[in-house]
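Read off the chains here:
Number of protein chains: 2
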Amino acid sequence: MLISESVLRSFTQNIFLSMGCSDEHAALASDVLLKADLRGIDSHGVARLIGYVRLWENKRINACPNITIVHETPTTATVDGDAGLGLVVAPFAMRLAIQKAEQYGSGWVSVRNSNHFGIAGYHTIMAVEKDMIGFAMTNASPLVAPTFSNERLLGTNPMCYAFPAGKYPPVIIDMATSAAANGKLEIAQRLGKQVPEGWIQDKEGNFTTDPHALKSGGSLLPLGSDREHGSHKGFGLSATVDILSAVLSGANYGPWVPPFVAFLEPPADPVGLGIGHFVGAMRVDGFRPVGEFKSHLDNWITRFKSASTVYPDQKVIIPGEPEMEAEAQRIKNGIPLVDAVVKDLNGLAEKFGINPL
Amino acid sequence: MLISESVLRSFTQNIFLSMGCSDEHAALASDVLLKADLRGIDSHGVARLIGYVRLWENKRINACPNITIVHETPTTATVDGDAGLGLVVAPFAMRLAIQKAEQYGSGWVSVRNSNHFGIAGYHTIMAVEKDMIGFAMTNASPLVAPTFSNERLLGTNPMCYAFPAGKYPPVIIDMATSAAANGKLEIAQRLGKQVPEGWIQDKEGNFTTDPHALKSGGSLLPLGSDREHGSHKGFGLSATVDILSAVLSGANYGPWVPPFVAFLEPPADPVGLGIGHFVGAMRVDGFRPVGEFKSHLDNWITRFKSASTVYPDQKVIIPGEPEMEAEAQRIKNGIPLVDAVVKDLNGLAEKFGINPL
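Chains G and P are the protein sequences, given in the same order.
Under this note's numbering, residues 129 to 485 are what the first sequence spells out, in order.
Under this note's numbering, residues 129 to 485 are what the second sequence spells out, in order.
Some clues are possibly wrong.
Copies of the same chain look alike in the list, so a pair counts if it works inside one copy or between any two.
[Unchecked claim] The calculated lysine-lysine pairs, modelled on DSSO-like cross-linking and capped at a C-alpha distance of 27 Å, are:
hint, residue 1, residue 2
1, 321, 471
2, 295, 163
3, 433, 343
4, 471, 312
5, 460, 163
6, 187, 331
7, 331, 443
8, 343, 443
9, 187, 471
10, 433, 295
11, 331, 433
12, 187, 443
It is worth saying that the hints were derived from the structure and are not from the lab.
Since this is a predicted model, take the numbers as computed values, not measurements.
Kindly generate the complete structure, drawing on both the sequences and the hints.
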């Protein structure tokens with residue numbers, strides 16, 4: 129089913145309004161979800177709307193948060209999201225980082241007491257639009273085992289770096305720090321397909337290609353897959369995200385991160401509040417004139433796009449470019465939704481007494 | 129051969145003094161190299177001294193640089209290293225970042241016109257000693273191909289994040305963004321051993337286990353090894369390092385980065401000056417009280433150290449812990465040097481008319 133951006137956007141806003149979100153928050157949260165769908169990151173868009181609603185029903189998401197700055201210096205701050213949607217808490221934090229960068233060159237905000245913040249790319253693009261370099265990361269429900277362990281202690285903990293270019297779209301590196309994102313596993317489960325070796329291990333710590341292994345005590349592997357191929361680096365990156373997002377802000381970290389799904393209870397012995405994010409912005413002209421930077425980044429992109437390739441039909445992909453192409457295409461032609469998602473969304477419409485899709 | 133830290137340190141200082149470095153620069157450059165040897169990162173210590181000397185002989189390293197700040201805001205700056213040793217230029221940049229962080233909460237410095245800066249960990253530890261979070265990265269000679277390419281366009285571009293803990297040593301994540309560091313390949317070459325699949329490809333872009341493939345047009349692979357296992361993420365991280373270190377500062381980037389070895393000429397069409405680094409520091413108490421942060425990071429470490437493991441004799445390794453253990457042991461027992469390195473060092477002693485080891 130192909131659905132136009134504007135129809136899906138107002139449907140999504142109506143759901144958030146029905147939860148009791150303010151007009152402003154409903155519009156912002158919808159914008160974050162729609163951005164994922166437009167950019168082709170279907171796992172992080174409206175497919176997750178039902179997840180947010182269930183957490184709200186379980187009183188684990190506060191639809192009317194009083195988001196506050198609990199600590200700050202000229203260029204750093206800690207924000208408490210008051211258990212609000214990460215979809216509104218993270219943009220609040222990024223706006224603060226951008227304000228600090230406007231005044232002092234850079235701004236850095238660690239966030240506690242939040243929830244899932246959608247795609248990291250959304251938040252970094254806010255900085256890029258101001259000719260700044262954007263950083264965003266978040267911790268997440270524990271699914272990933274550190275190197276040498278068979279215990280789920282870390283989330284897929286994405287990190288994102290974004291840079292404004294000149295004639296090209298911005299370079300946006302937005303990546304889970306696990307070998308494979310959980311969304312890819314879900315697709316394999318749905319299709320009944322095996323996954324490549326190196327994505328997951330079973331509960332004893334053996335590599336397995338069964339995408340259902342995660343449900344029986346298995347775990348995702350860090351980027352690098354095993355020690356020989358650098359999984360300690362993926363573990364280190366994931367640890368960096370966890371520490372900057374949660375140990376620094378006062379959120380839950382490691383195995384204490386509350387699960388995103390409502391049917392699993394959060395740990396009974398929390399070490400902080402909610403989940404954590406970390407965002408930052410640096411003015412490009414804090415280092416060199418914007419025009420110079422952009423023309424050199426354009427030159428960088430041109431060189432990499434023209435690299436000699438292994439297969440004639442597969443060019444080097446500049447990070448962020450496929451998503452930008454998807455966005456242009458989906459704005460024009462609409463957003464494809466699979467039946468299961470449409471069914472979930474129309475179930476929500478019925479629950480709240482609003483028009484179905 | 130086991131050699132005491134103090135003997136190796138004064139030997140190394142004498143070499144730098146013979147090159148014409150000031151007392152202060154000779155002591156600092158030696159401290160950076162010795163730190164690598166003490167921490168067990170033998171590839172980045174005095175084994176590289178001969179490489180620095182040869183570049184100096186070729187007039188590609190300036191022993192008496194006038195390091196300057198060419199652009200700045202309260203929390204950002206660009207530094208020109210005047211073609212000096214990265215071993216002194218990067219600490220200059222990190223001191224500046226720390227000063228800015230002391231005043232404004234955070235400080236970020238991009239560096240151009242520099243050379244190899246030793247281990248990234250050295251520079252981040254400078255921040256950690258001030259109860260700050262340290263960041264350091266550098267670009268390097270092109271050896272790594274981006275995903276889908278068989279062309280060497282990126283260095284092993286390391287990134288390092290460091291966090292001060294309480295009762296434990298600091299957490300220091302210091303990693304090449306390639307699947308394997310070049311040093312590991314050199315060891316396999318020396319021993320005549322094959323390397324695992326996923327580290328390198330031949331000039332056509334096929335996986336190979338021949339460690340000499342790099343000499344015949346092959347390339348290192350990004351962290352993740354292939355697309356299916358996330359090599360586009362390793363490519364993205366390496367790109368991030370290249371852009372922050374060089375596109376932002378005005379250094380050479382991508383395939384234009386000058387080679388570290390003196391027998392290869394730098395590209396005839398440079399796009400900037402020398403190689404680039406990026407360093408940063410953030411005050412922990414810019415986010416939450418230092419004591420709180422450290423006690424939670426200790427709790428994080430304790431939890432990960434006690435994780436259930438796949439093999440009974442292999443615990444989860446906290447990043448930075450093995451290096452700290454090596455340092456304690458080598459300070460006590462001395463630094464092991466292989467014969468080839470001793471021979472190189474004594475060759476330098478003869479060249480400069482100083483006492484051999």
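Checked hints:
no. : hint        : verdict
1   : 321 <-> 471 : within (23 Å within a copy, 57 Å between copies)
2   : 295 <-> 163 : within (22 Å within a copy, 44 Å between copies)
3   : 433 <-> 343 : between (40 Å within a copy, 25 Å between copies)
4   : 471 <-> 312 : within (21 Å within a copy, 53 Å between copies)
5   : 460 <-> 163 : within (14 Å within a copy, 57 Å between copies)
6   : 187 <-> 331 : neither (32 Å within a copy, 57 Å between copies)
7   : 331 <-> 443 : between (38 Å within a copy, 16 Å between copies)
8   : 343 <-> 443 : between (37 Å within a copy, 24 Å between copies)
9   : 187 <-> 471 : within (24 Å within a copy, 69 Å between copies)
10  : 433 <-> 295 : within (14 Å within a copy, 48 Å between copies)
11  : 331 <-> 433 : between (42 Å within a copy, 18 Å between copies)
12  : 187 <-> 443 : neither (48 Å within a copy, 38 Å between copies)
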